[in-house]
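Participant: Start from chain F and add chain C according to the hints.
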Amino acid sequence: MPVISLSGRPVSDPVAFIRPEALSAPLPEAAAVALDLDATVDVAALSPYLSRVALIRVAFPGFADGRGFSLARRLRAMGYRGRIRAHGPLIPDQRAALEGCGFDEVELAAVVLDRQGGAAAWSARPARSPFDRRRQRPASSRATAA
Amino acid sequence: MYRYDAFDADYLSARNAEFRTQVARRIDGRLTEDEFKPLRLQNGLYLQLHAYMLRVAIPYGTLSADQMRVLAEVADRWDKGYGHFTTRQNIQFNWVRLADTPDILDRLAEAGLHAIQTSGNCIRNVTADHFAGAAADEIEDPRPLAELIRQWSTAHPEFLFLPRKFKIAVSGTPADRAVTMAHDIGLRALRGPGREVGYAVILGGGMGRTPMLGKVVRDFVPKADLLAYLEAILAVYNLHGRRDNKYKARIKILVHETGLEALKAEIEAEFARRKRLFDGPEVVPAEDELTRIAAYFAPPALTDRPEVSAIEARARAADPAFALWAEVNTHPHRTPGHAIVTVSLKVPGEAPGDATSAQMRALADLADRYSLGELRISHLQNVILPHVARDDLPALHAALVRHGLATANAGLITDIIACPGLDYCALATARSIPVAQDIARRFAEPQKARAIGAFEIKISGCINACGHHHVGHVGILGLEKAGVESYQITLGGDPGPAAAVGERAGPGLAAEEVGPAMERLVAAYLAHRAGPAERFVDTYRRVGAEPFRHAIYHGKAA
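So the protein sequences, as listed, match chains F and C.
Under the numbering used here, the first sequence has 87 at position 87, and the numbering climbs by one with no breaks.
Under the numbering used here, the second sequence has 1414 at position 414, and the numbering climbs by one with no breaks.
So here's chain F without its partners, still in its complex pose (with noise of 0.2 Å):
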C-alpha cells in the first residue's frame, strides 16, 4: 500500500513487521524492529522494548476511530524517537491532527489514495491552530512537547 510521508523523514518498508507479543521473545541484535499495534493496545507494556523499535504501524479501524491518536501520543510521552505510521483509511483533512499527535507517515489502500486525488491531496500544510498558541515551537517527532 502507498505511504505519504508527512514529517520528511524517509519512508522505508521494514522486511517484517512483527506483533507485541513477539516482542518478549529474544530478538536479533542488531534487528530494527517494525511493530505493528492494534487500536487496543495498551502501549504501557511496550516501554523497555521502545529503544529497539525503528518503525510503529498503528491501526486505525475507520477515520472516525480516534484511538491511534492517543496512542501516537503516548508513545512520543514515552520517548519513543523512531517513526510512527498511521495505517487505515484516514482522510487528507486528517494531516493535522496526525502530525500533531506525532505521526510522520500514513498508509493507505491504492484505490482509498487515487479517489482522495492522489499524493498531492495530501501535501496542504495546515494552519496552527489556536491548540498550538502556548507552543513556542510546533511539536515535531523528535520533541516530547504537549
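These aren't lab readings, by the way, just hints derived from the structure by calculation.
Check each hint, because a few of them may be wrong.
To be verified - Derived coverage of chain F by chain C (criterion: at least 3 residues anywhere in the stretch with Cβ under 8 Å from a Cβ of chain C; other residues may be distant):
1) 58-67
2) 111-117
Unchecked claim - Derived, one-sided and incomplete: chain C residues facing chain F with beta-carbon distance under 7 Å:
3) Tyr1011
4) Ala1014
5) Arg1030
6) Ala1272
7) Arg1273
8) Val1284
For every residue, glycine included, the Cβ atom is placed at its ideal position computed from N, Cα and C.
Facilitator: For chain C alone, coordinates are given in the frame of chain F:
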C-alpha cells in the same frame, strides 16, 4: 471580553478556506458523504428536517453588541430573519443552504465569530455562568479559564475523533448557574487550603436517554494543572469510551461501566504523564496564558452608585408593569447601584428562545447604551445585559417594551426551556414548541406567574433531552406512541447545586391534556406550599410525589 488577535483571525481565515474546499471536494466526490459529515459537523453544519442548520458558537455565552449585529445580519441575508438561542449558549440558524455556508462563515469570522466544533464527536462549546464577571456571589470569573479551555480544545489534534460529543461547563460560584452536574466535565471554582482558587472536577454527568449526575473525580485541581488534568480525562475517554454503540458512547457510560474509582486511577496515572508534557520547556505555562487572557476580562470600570436608585423607586411606584419586571428580571450586581438584567425570549405564545433580527439589533443598541456593549446568552435561552445602572432600568424597560422584549418572567413558570422539537429536528419524536406555547398562555397573566414564583419547566421533543427536561422542576418529554404524540411528565428535577434528575410521574399524556394537567399541578403546589418562598421543587421534596401525581392524573375531564 476576549478579543481575537491576528493569530486567531488568521486561524479562522485559514479554517474557512479549508471548509470551502471541503464543500467542493464533497461535490466532486473526492470526499464521501461519510468523510464529509464530521468535517461539516465540526464547522457547525447540522442536517435537520427541513434544511441545514448552522450552530454558531457564542463562547461561554459572552458576545459584544457588534457581534450581535452580525448575527442579525446573518439572519436577514441567509436565513428567515430570526435565530434560536440554545441550552448550550449557542445560536442556531435553521434555514441555511450548504452552498452559502462558506460565505456565512467568512462574514462571521470578520466579527470574531465561528461555528467551530459546535457539533461532531469532539469537545463542544465550553459554557459558563451567564452572570459571570457581574454577580456578587462569585469566587472568580470563570470565563478566562473557559477561554483557555476553548483555545486548548480548538482543533486539538488528539481529540477530534472521540467516541462521541464532549461537553464542558465552568462555574465560578457555588450557586452554580452552569449546570455543572449534568455535563461530561463540570468545573466548579473553590478556594484551596492556602485560599488560592482552584476547581473541583465533576465527571460523567449528562442528560439524554440515561440521565446521570456527575461525580466528583477530584476535589481540587490548581488552575496551573487543569489543562493537563482535562487531557488525562479526554485521553482515557478517547481510548476506552465505547465505539460499538452510539447510545452508550458518552463518558458517563464509561464511568458507570468501569466504576469511578477504577477510572479515576487511570486518569490520575495519565495525569502524571501529561503533567510532564505541560511543564516542558517548549510550552507556555498555563498560568502565563491565563494571565494574558484574564486581562481581557478585567472588571469593567463602573462607578459606585447608591444601592437604592431614586429614579428606579419612583418608576416602580408609578408603573406596576415596570415594578414587576424590575423585581423579576434583575439580579444583584457586585457593584452597588447596578443590576444584571435578564431579557426574556419567552413571550407566551411565541417560540421559546427565538429572536428576530430586529430584536437582535435592538438588543445590540441597548447593550451599547446601557451595558458597556456586552451581552450574554444563558443556557436558559434568554439574553442578559450584565452591567446596567439601576438608574437606567426604567428607560431600558421602556425600550424593551417597544421591541416586545419586556416579558417579566425570568425564572417563572412561563420562562419555559424547549428544544426545537418535531417542527425542526429530524431526531424528534414529538413537537415541543406548541406545548410550551400552550402552557405559557395559560399562565401568561404577569401577576399570576409572579404569585407562583420560581418554577422551571423544561421540554424535550425526544429522549435526547436537548431541552434538559431531566433537570426541570417539571420536565416534559415528548414521545410517540402508535403514531400519536405522548408526553411524559417528570417532577423534582433541579439543575443547580442541589442537582437532581426528575422522577417520572406516570403514563404519558396526550398533547391537549398537558396544559390542563399543568394547571392542576400548579393548583396542588399552591395548596401545599409552606409559603410563597418555597419553590415547587422544594415543596415536592418536602411532601413527596403523591399529591402532584394525583393532581396530574385525577380530575381530568372524562
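Participant: Next, verify each hint and record whether it holds.
Facilitator: The hints, checked one at a time:
With 5 residues having a Cβ less than 8 Å from any Cβ of chain C, the segment 58-67 of chain F passes the three-residue criterion, so the hint holds. Counting residues of the segment 111-117 of chain F whose beta-carbon sits less than 8 Å from any beta-carbon of chain C gives 3, enough to reach three: the coverage restraint holds. The closest approach between the C-beta of Tyr1011(C) and any C-beta of chain F is roughly 6 Å, which is under the 7 Å cut-off, so the hint is satisfied. Interface restraint check: Ala1014(C) against chain F, minimum CB-CB distance 3 Å, threshold 7 Å, status holds.
Residue-level restraint check for Arg1030(C) holds (minimum Cβ-Cβ distance to chain F is 5 Å; threshold 7 Å). The beta carbon of Ala1272(C) comes no nearer than 11 Å to any beta carbon in chain F, farther than 7 Å, and the hint placing it at the interface is violated. A hinted interface residue such as Arg1273(C) counts as satisfied when its beta carbon comes closer than 7 Å to some beta carbon of chain F; here the least separation is about 5 Å, so the hint holds. Hint status for Val1284(C) relative to chain F: holds, with the closest Cβ pair at about 4 Å, below 7 Å.
In this structure, the one hint that does not hold is number 6.
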